[in-house]
Structure formats: C-alpha cells, structure tokens
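Asker: Use these hints to put chains B, C and D onto chain A, whose structure you have.
Chains as they are written, first to last, in my numbering: chain A, 1 to 292; chain B, 1 to 292; chain C, 1 to 292; chain D, 1 to 292.
Treat the hints as calculated values from the structure; they're not laboratory data. Hints are supplied without guarantee of correctness; some may be wrong.
Here are some, though not all, of the chain C residues that point toward chain B, as calculated from beta-carbon distances under 10 Å [what the hints assert, rightly or not]:
#1 L265
#2 T266
#3 S268
#4 A269
#5 G271
#6 E286
#7 S287
#8 G289
Every residue gets a Cβ at the ideal spot worked out from N, C-alpha and C, and that includes glycine.
Protein chains: 4
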Amino acid sequence: MRIAFIGLGRMGLPMAVNLLKANHTLSVWNRTGARAADLQVQGARVATSPSDAAAGAEMLITMLADDSAVEQVAFGDGALARLPASAVHASMSTISVALSRRLAAAHSEVGQGYVAAPVFGRPEAAAAAKLWVVASGPTRHVERCRPAFEAMGQGVFVVGTQPEAANVVKLSGNFLLASTIEAIAEALTLVRKSGVEPGAFMGVMNALFRSPIVENYGKAMVEGRFEPAGFALKLGLKDMRLALAAADAAAVPMPLAGLLHDRFLTASARGLGEIDWAGVARVVAESAGLPD
Amino acid sequence: MRIAFIGLGRMGLPMAVNLLKANHTLSVWNRTGARAADLQVQGARVATSPSDAAAGAEMLITMLADDSAVEQVAFGDGALARLPASAVHASMSTISVALSRRLAAAHSEVGQGYVAAPVFGRPEAAAAAKLWVVASGPTRHVERCRPAFEAMGQGVFVVGTQPEAANVVKLSGNFLLASTIEAIAEALTLVRKSGVEPGAFMGVMNALFRSPIVENYGKAMVEGRFEPAGFALKLGLKDMRLALAAADAAAVPMPLAGLLHDRFLTASARGLGEIDWAGVARVVAESAGLPD
Amino acid sequence: MRIAFIGLGRMGLPMAVNLLKANHTLSVWNRTGARAADLQVQGARVATSPSDAAAGAEMLITMLADDSAVEQVAFGDGALARLPASAVHASMSTISVALSRRLAAAHSEVGQGYVAAPVFGRPEAAAAAKLWVVASGPTRHVERCRPAFEAMGQGVFVVGTQPEAANVVKLSGNFLLASTIEAIAEALTLVRKSGVEPGAFMGVMNALFRSPIVENYGKAMVEGRFEPAGFALKLGLKDMRLALAAADAAAVPMPLAGLLHDRFLTASARGLGEIDWAGVARVVAESAGLPD
Amino acid sequence: MRIAFIGLGRMGLPMAVNLLKANHTLSVWNRTGARAADLQVQGARVATSPSDAAAGAEMLITMLADDSAVEQVAFGDGALARLPASAVHASMSTISVALSRRLAAAHSEVGQGYVAAPVFGRPEAAAAAKLWVVASGPTRHVERCRPAFEAMGQGVFVVGTQPEAANVVKLSGNFLLASTIEAIAEALTLVRKSGVEPGAFMGVMNALFRSPIVENYGKAMVEGRFEPAGFALKLGLKDMRLALAAADAAAVPMPLAGLLHDRFLTASARGLGEIDWAGVARVVAESAGLPD
Numbered sequence: 001m002r003i004a005f006i007g008l009g010r011m012g013l014p015m016a017v018n019l020l021k022a023n024h025t026l027s028v029w030n031r032t033g034a035r036a037a038d039l040q041v042q043g044a045r046v047a048t049s050p051s052d053a054a055a056g057a058e059m060l061i062t063m064l065a066d067d068s069a070v071e072q073v074a075f076g077d078g079a080l081a082r083l084p085a086s087a088v089h090a091s092m093s094t095i096s097v098a099l100s101r102r103l104a105a106a107h108s109e110v111g112q113g114y115v116a117a118p119v120f121g122r123p124e125a126a127a128a129a130k131l132w133v134v135a136s137g138p139t140r141h142v143e144r145c146r147p148a149f150e151a152m153g154q155g156v157f158v159v160g161t162q163p164e165a166a167n168v169v170k171l172s173g174n175f176l177l178a179s180t181i182e183a184i185a186e187a188l189t190l191v192r193k194s195g196v197e198p199g200a201f202m203g204v205m206n207a208l209f210r211s212p213i214v215e216n217y218g219k220a221m222v223e224g225r226f227e228p229a230g231f232a233l234k235l236g237l238k239d240m241r242l243a244l245a246a247a248d249a250a251a252v253p254m255p256l257a258g259l260l261h262d263r264f265l266t267a268s269a270r271g272l273g274e275i276d277w278a279g280v281a282r283v284v285a286e287s288a289g290l291p292d
Numbered sequence: 001m002r003i004a005f006i007g008l009g010r011m012g013l014p015m016a017v018n019l020l021k022a023n024h025t026l027s028v029w030n031r032t033g034a035r036a037a038d039l040q041v042q043g044a045r046v047a048t049s050p051s052d053a054a055a056g057a058e059m060l061i062t063m064l065a066d067d068s069a070v071e072q073v074a075f076g077d078g079a080l081a082r083l084p085a086s087a088v089h090a091s092m093s094t095i096s097v098a099l100s101r102r103l104a105a106a107h108s109e110v111g112q113g114y115v116a117a118p119v120f121g122r123p124e125a126a127a128a129a130k131l132w133v134v135a136s137g138p139t140r141h142v143e144r145c146r147p148a149f150e151a152m153g154q155g156v157f158v159v160g161t162q163p164e165a166a167n168v169v170k171l172s173g174n175f176l177l178a179s180t181i182e183a184i185a186e187a188l189t190l191v192r193k194s195g196v197e198p199g200a201f202m203g204v205m206n207a208l209f210r211s212p213i214v215e216n217y218g219k220a221m222v223e224g225r226f227e228p229a230g231f232a233l234k235l236g237l238k239d240m241r242l243a244l245a246a247a248d249a250a251a252v253p254m255p256l257a258g259l260l261h262d263r264f265l266t267a268s269a270r271g272l273g274e275i276d277w278a279g280v281a282r283v284v285a286e287s288a289g290l291p292d
Numbered sequence: 001m002r003i004a005f006i007g008l009g010r011m012g013l014p015m016a017v018n019l020l021k022a023n024h025t026l027s028v029w030n031r032t033g034a035r036a037a038d039l040q041v042q043g044a045r046v047a048t049s050p051s052d053a054a055a056g057a058e059m060l061i062t063m064l065a066d067d068s069a070v071e072q073v074a075f076g077d078g079a080l081a082r083l084p085a086s087a088v089h090a091s092m093s094t095i096s097v098a099l100s101r102r103l104a105a106a107h108s109e110v111g112q113g114y115v116a117a118p119v120f121g122r123p124e125a126a127a128a129a130k131l132w133v134v135a136s137g138p139t140r141h142v143e144r145c146r147p148a149f150e151a152m153g154q155g156v157f158v159v160g161t162q163p164e165a166a167n168v169v170k171l172s173g174n175f176l177l178a179s180t181i182e183a184i185a186e187a188l189t190l191v192r193k194s195g196v197e198p199g200a201f202m203g204v205m206n207a208l209f210r211s212p213i214v215e216n217y218g219k220a221m222v223e224g225r226f227e228p229a230g231f232a233l234k235l236g237l238k239d240m241r242l243a244l245a246a247a248d249a250a251a252v253p254m255p256l257a258g259l260l261h262d263r264f265l266t267a268s269a270r271g272l273g274e275i276d277w278a279g280v281a282r283v284v285a286e287s288a289g290l291p292d
Numbered sequence: 001m002r003i004a005f006i007g008l009g010r011m012g013l014p015m016a017v018n019l020l021k022a023n024h025t026l027s028v029w030n031r032t033g034a035r036a037a038d039l040q041v042q043g044a045r046v047a048t049s050p051s052d053a054a055a056g057a058e059m060l061i062t063m064l065a066d067d068s069a070v071e072q073v074a075f076g077d078g079a080l081a082r083l084p085a086s087a088v089h090a091s092m093s094t095i096s097v098a099l100s101r102r103l104a105a106a107h108s109e110v111g112q113g114y115v116a117a118p119v120f121g122r123p124e125a126a127a128a129a130k131l132w133v134v135a136s137g138p139t140r141h142v143e144r145c146r147p148a149f150e151a152m153g154q155g156v157f158v159v160g161t162q163p164e165a166a167n168v169v170k171l172s173g174n175f176l177l178a179s180t181i182e183a184i185a186e187a188l189t190l191v192r193k194s195g196v197e198p199g200a201f202m203g204v205m206n207a208l209f210r211s212p213i214v215e216n217y218g219k220a221m222v223e224g225r226f227e228p229a230g231f232a233l234k235l236g237l238k239d240m241r242l243a244l245a246a247a248d249a250a251a252v253p254m255p256l257a258g259l260l261h262d263r264f265l266t267a268s269a270r271g272l273g274e275i276d277w278a279g280v281a282r283v284v285a286e287s288a289g290l291p292d
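Only chain A is shown next, with the shape it has when bound in the complex (with noise of 0.2 Å):
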C-alpha cells in the first residue's frame, strides 16, 4: 500500500519502520526534519508538508501528539484536502471523542474514509511490532487498514463501526491504567509506613493479579525509578482531561478520573512532568510526608 505516515515521535517512528518492513510504500513527513531522514534510507520519501505526503496516497496515517496537532496536519495544512477520495485516513494517535467524530464527518463529506485506530503499548512494543490495535469505523474501511495494521501490532481489536468507538475504548484504558498506578502507590504508601517490605507486598500482588501491568508499574514504585519515562505523566494527565471530556459529554460522573487528574495536575504543578506516570507515586508518598 501507498501509506502517507505523519508524526515521527516516540511511537511513530518504530511504526513507520515496521510498515516498510513490511513492504509497503511511504511518504513520510514530521514537523522536525531529522527524524524523517532517518527513514529515507530505509526507503520512505520524505514529503515537504503533510498534504505533500498525503498527495496520491491509498492510507493515511497520523500518529502525533495531541488534538490539536492532528487539527493542524488535517485542516490546517490541508491534508485532508490532498488525501485521494477513495483513500483512509487512520488516527492512531490518542485523541479526544470529539475530534474523532468531526474527523470522521469531515472525510465521510468529501468520500474518503476514517478509521479510529490508536494502540496501546510503549515505544519498545511499536519496536518489535508487538502494539495492540484498537479499531473502529466502517467494516470495509477497517478492513482496508488491517494489513498495515498487522505490520504494526500483536493483534487488532474491533470495537465497532461507529468512528469514535476505538478512541472511547483508547481513553478508557489508559483510565484503567492510571487507576491501577494510583491504587498501587496508595496501597504502598500504606505498606511502607506500616514497616512492611514494599517488594513482600507486590509479590503478594502479583501471585494474586498475574498481570504484567501491576507487575510492572509495582517495580518501578517499589525502586523508584520514573526515568527514563516510558510514558510521561504530561501526557497521562492530556489522557484524563480527555476521558473527562468524553464522561462529562456522555453524562457519566467518573470520580475516580477526577482524583487521577487532581494527581496528574499536582505532579504536572510541581515540576513532575516529564517523569514516568507511575512517578505520581511520589506525590502520594509526600501526601504522607514520606520523602521522596
């Protein structure tokens, strides 16, 4: 397939690799050039504007760092307007409920399709081409994507035809992700301060949950290591404004996102930013008045 691939970051770049990897075609475009060039000499062109890359492509696909990111590339610089009418547009990236269904009206006028596909995994599982895909919109327009998807991840989920129903999902799960932190690092705090090994406690934990995402999150409280952060807390915090958007739009009151996001924005308002989400653990541990 003709991909155009815009936003090369973190997760974006390891993405693009594994679609050639897998034979496809692309044009590449990212707002700082160096890491665009990185891929040309594995073979991408690199465009000189998004809708450079979009211009004659069969998929495109944005990976980039927020909602308004995603605006510029599709409205601002006209992406959308160059993209062929029988081509897919496929938001990975994580954006918020209302932008993905504007997307999606957007290109349903001109007669393109949109497909809704962020995934879940950190920058070493887009590496090893291990991301899971959560998908939805149309079933032909979905099924279009699942090549380049598969090039991509372990596995693809389908979660509905509506557009906005794999964001929905996206943003839910970084939900149960961040509450699985927050309920971790309460839970240690409590231990440590009861003169209770944190490492005893986890092993109890994790004989109990077997899930690697306590697994893990629960090492990284216990060693206090939040750097190099595999996911940083700013955007965790991003994520629960957006799942609040959605709960409040939907008339779902979510009080537990409301404390995740107090936490975020406390560590976010203390210089705790760029850490490792599961770095809030700090701020609960100082709540305590443990050091850090």
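Answerer: Okay, now just chains B, C and D, sitting in the frame of chain A:
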C-alpha cells in the same frame, strides 16, 4: 498437629476439611452448631465452646467474620486463657491492624505464639486448597504453622516478623481489588453510554492486563451477574473501613480508599449489602442515569 | 447612553428594564421575540438581529445562556463587526475564562473596548436592581460602563484590569456557593439519619454563620423545596465545568470542584437538571438510602 | 450550684472563670495542676482528682481534649461513681457520638443525669461568655444545667432529647466550617494563579455571604496568618475522624468529609498539626505548585 479450628463459615469449613485431609487432628467450634456437625463425620471433634476447642491444642486457628467475633472468642469466651503456653494462634480472618497488635501482645504476655495469617481466595479456592496465605510473626511461630498453611493453600507468603504485617498486606490487597472493581465499573459505564459494546472493551483490557482478576470482575459486570456473592459487598465495606483505619493510624491519606468506602456504603445503604462486591457497579451505573 | 442589550432571559429582562428606568436608550434583541415585545412598550427599540442592535450603540451588553450563545452573537451574527469603534462591550453572562480572553482580543484589535462584568444575584435581585456587578478590564472602559452597572446593581466590584479577572471571580464565587450547598446537604443527611431535627441543626448554623446564603439554602433543603428554580441545576453544572476548565488551565487541582461536578452531573443524568441547584441534596440523600 | 469542672485548657479555664463570676461554687481539676491554681485565687476549690471534684457536686462539667481523656475521667478515675445520684453530667467537649451514647447509658443506670452540651466558639468567645451551647438530653436535665450554660454562652440551642443529638450537631457544624475553609482555599488558589488579587475576590465573597466565618477565614488565608492557632489543625483532624465515624455508623456517605479528612491528614503528616486549621490552605496551594 492438634489444631483447634474456630469459625466454620463459607471459608472456614473447606479450610478445616483440608486440614483433616492432611491428617491433622481437629477440634472445631462454630457459633451455629449445624456446620460443625458436618465435620464430625469427617473425624473432627466438635467442641462445646471455643475454649473447650483450644484446650490441649498445639495450634489455634480463628476464621471469623470480624473483629468483634475474634475478640469474643479470644477474650470473651476465654479461648486464649485455655490455650497451652506452647501453642500458636494463627489468626486467619481479615481483622484490623489494631486488633492484631492487641492479640500479639496478649499471647506474648502468657508465652503463647501469635501469627497473623489472612488469606486471599474465595470459597472455591478454599475448597481446592488453592488459597494464598499471607503470614507474619516471629519466624519460629510462622514455621510451626507452615504445614497447616500448606494444607490449605497453594502458597505461603511471609511478609515480616512484626505480627500485624500480614494484616496490612491483606487490607492493602483488598483495597487493590476494590480499586480494580471501581475502575472497571466507571470505565464500563463510560463505554456503555458511548455506545460501545462492553464485552469488546473487556476483550482489549484482558489482552492488556492478562489478569484473571480483571477478567473475572469484568465478566461479572458485563453480564450483570452479582449473585451468588463470591465475596459479599458488606464484607468489602468492612474491609474498606479497616483499610482506612490502618491508613489513618499510619497517617496515610488514601483518597481512593475513601471513594471506595463511599461507594460500598452507598450500595449498602441502598440494600445491596448481600450481593457480590463487584455489584457496586450498579451504583456507578445509576449515578450515570443508567437502569441497573 | 445608547445601549444595545442582547439576551432577555430571566436575568436579562429585568436588567434591561432597570436601564430603561434610568433613562438609557435601549435597542434590544432576544432569540425568541416575545420577550423583546414586552420591552417595546417600555420604550426600547426591538432590533431585528444582534448586529442591528449593536449598530450605533455606545455600549453593548450581552446576557446570554452560555459560551456558544455569546460566540454566535459576537462572531456568528456579526454584532462585534457592526459595533462602533468607540463602543464598549460589557459581557455580563457567566462565560468561560477562555472566551472572555478571546473576546477581549477581538475587540481590542478593532479599537473597541471590552469589559467582563458578570453578576451575582437571582432574578428577584435583578428586578430590584440589587445585583452585585463584578467588573474587570481597562479602567477607562470599566468607568464608561459604570453608570449602566449602577442602574442594575447595588454595588460594583472592580477586580482587575486584565479582562478575564471578573470571570475568574464569578466562577470561583459560584464554586463557593455550590460548595456551601454540598456541605449543607451532607450535614443535613447525617443529621437526619441520626434522628436530629434538621431545622434545629440549621438554627445553630445560622447563629454561627449569620449568612443569608447559608440560611436560604439550608431552608430550601430542610423544606425540600427546589421548584421553581432560582438557579437551575443544569446551569450549576455548566458553571462547575467552566470552573474546572479555568482551574485546569491554571494548573490548580480542585478536588472539591470535581466532587461538585460529579454531583451535578449525577443529578442531571437522573433528570433533575431543571430544579434548583440546591436540589443536589436529593442525590446526597439518596446515596444514604433516604427517600427524596 | 455546686459544680465540678474537669479540664482547664484553653477553653475550659475561661468557661470556669465565668461560672465563678456567676456565683456558682466550683471544685476544679486539671491534669496539669498549674492551671487549677489560677482558679483557686478566684475562689475555686482545687480537687485532688476528678472523683474528688465530683464528690458532692450537683453538676459535673467535662471539657477535655478527646474521647480517651473523658473516658479516663468518667470510668478510669471513677468520677462517675463518686457523683451523687441526683447530679447531672454535662459533657461539653467535642466527643464521639458513640462515647456520648455510652456515657448516657452509664449515668442512667445509676440514676444520674447526662446532657451532651458541646460548644461553638474560640477561646476569646469563651472568655467573653459568648459561646453557643448546643444541648441535648432529657428536658429536666437540660433545664437544670441551663443557668450554668447561660453563664458561659450567649445562647443555648436545645436540639433534641436523645443524649447524642448535640454531638451530631457539633460534629456536623465543624464539618461545615471545615468545608468552608477548603472551599475558600481552593478558590483562592485558583484566583491567585489566575492573576487576580485575593483580597479583591474576598471582598466580593463577603458582600455575597455576609458571614463573619467566611470573612475571618478568608482574611487569615489572604494574609497567610495561621499562628497562633485559634483552633489547631490536629483538632480539626480529630473532628473529621469523629464526623466520619458518626457518618459511617449512620450509613451516610460523606465524600466531602472524606476529602477534608485527607487534607487535614496530609497537613498533619507534613508537620502542620499545630497551626490553625485554616492553614490547610498551605497544602492546597502546594498542590498547585505555589510556594507557601
């Protein structure tokens, strides 16, 4: 070993059966006599009172509903006073950190041993000898109890030598389980009201978490199946109280535990105390205007 | 002064009447025409559109339901474009901090003045010219508006020269009012379920607080009288959203605002959006298992 | 009346002085003797123990730090046993609902009277005989105490005949005061970080609320003046615990009380227990990244 086993409820009865199977000698007592009779046919001696059971025992196991039941047996009825000086009391129910400390001191004063040894696992796990036993106390006392623990569980975690360590771990663990329930309940409510199929969402979460805990609670909530209770909501409420009491005593603010307490209390006040604790999902759904 | 008055709702209509009484010349507009007709007999000119009203005015007052209504009037309909360069726009409804900033910039660009001037007070206070006007903006613009403000209120508070200061004060004030409602509602529920007469409790609180706000909300809750709404619950929900948005933008975690948002959202999701915002007391009571 | 007055702390001492001024006969006792000596010169008899003070008294007043101090005096030292059968015990400190019930039962058993009569007001109000006394209990017992109450306060509120009613009112009232502190603290943090002058904001709030409570707490926070403590933060924490215990026992979820508890516990864990309880504003400010 000659074991006095007090408390033959939904957990205690199968645990006692497994001790008999492992050829321990049991004298048993239960507040309501009928359940003790079941064990008589399997070779246990049915005692006339907790202190009658404790007389001559090498090990005393209590598996009772709450703090006041344990206090009544240990101090009120006088089981502690009748227990031989060389014996060890393994307190296996979920009791407060404060009571565990008090029991440890009382036993120590008269030369008896005390081990806190609460368990993780539901009645089915108890029947299958698949409990996880979390133990704490002086090493020699824990080791004396080990054969009995191994006859009832699939593993023993020793989490410290101070007697209440295991109680802290047990309460923190139940807090983690309850947090998982709340998080899934909020996420599922958002997912549902956003028009996404709840089962599809849990499919993604199961791939991500790979945890039987997440899977089982998610399944119960997707199916709205909260009866019969594996663990009654009112017991979950009791444990949130104990966790908050431990946290308060250790000066650890636990806002998530507070949120969980309020959910369980709301559910209980609305008549849901007897259903499974995953049934707080009903309160979450109602807060978003959904029917049960 | 020649004043264009846009928005003749429950607050706007009596405010406009007071301006007429103070001998200002009014051209008025309302989305539904009937309310404008009432003013015609009192001497106002009924404009055919917001921009028609704005043409030739020295001062433009907007008193509309929400951000989108104000945006529609200012930008969509073009009232801003038609307003003379020397005129001042006093934005008196409760709008977001972000929109107030945007309006200030847009007016400034074309040489017009902009003053944020939200008000505290219910329709009765508006009718009696007893509103409190909270104003912010460049001093000369605020002073030009002052005669109009004084015709509508019992006092004008100038809280800063940056245009959005008054919006922050208004939203923070509504947050304080909503907090008072929640606190009284929780206290009254405890008092009731403890068998104490709610009126007796409020008697003590009134002696202590000596505040008409505490007295009036307490009285409404003791009597369970939430209709007709002085301030509709759904508007309270809107304001909690705006307060949280302002807090998020300023990196201020406000857990109490989050709690209030969830209460109002729950009430709204359960069909209580049209009753007075003190009616969240019903949701509080229900959470304790009390009937309404 | 012959009154035994136990507890001469910052509140008790001026209250006892006012009883002497009103010509009551006092036998007093305090844990640390020095404060009792001050009263001796004003005509009080300094007792050698609480029970010595109680012997022969018509009325026993306890004004002690917490539940355990009251328990020690009533049961441990035996003041209750020495009190004449016809006497009435007025428990005026802020104690738990549970202890108040227990005291009522114990007194009733031996034919003595019991009245719960906690007070609102700070040491200055106690000195000026301007306390508000909230009383509950059998009417004849309350009426016997009334002359003493009137000598110490500016008003007596009788809130019920069941003995613990006044304790519920006192705890609910302190909850309302603490809620006011939290709400102002969050609002002021938003206001500050938005560049608005905090004093200007409080000016508007004072016009709106017209409450000395709002005015005084707001002033302390605007000035950052939390010492000397009018009411120590650690006592506020104690009262939030008692309020939550009463709420839990009555099956009333109080999320705002939970939030307040966590704030006070955080402040206490960070070493702020001795400053005025309005000083939780520091914790609120820190959570937004502001310096103290």
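Asker: Hint by hint, say whether it matches the structure.
Answerer: To see whether the hints hold, each was checked on the structure:
1. L265: holds (8 Å)
2. T266: T266/C check passes; min Cβ-Cβ to chain B is 5 Å, inside 10 Å.
3. S268: holds (8 Å)
4. A269: Hint on A269/C: holds, closest Cβ of chain B at ~3 Å, below 10 Å.
5. G271: holds (7 Å)
6. E286: Constraint on E286/C satisfied, holds at 8 Å.
7. S287: holds (5 Å)
8. G289: holds (3 Å)
The earlier numbered hints are all upheld by this structure, with none contradicted.
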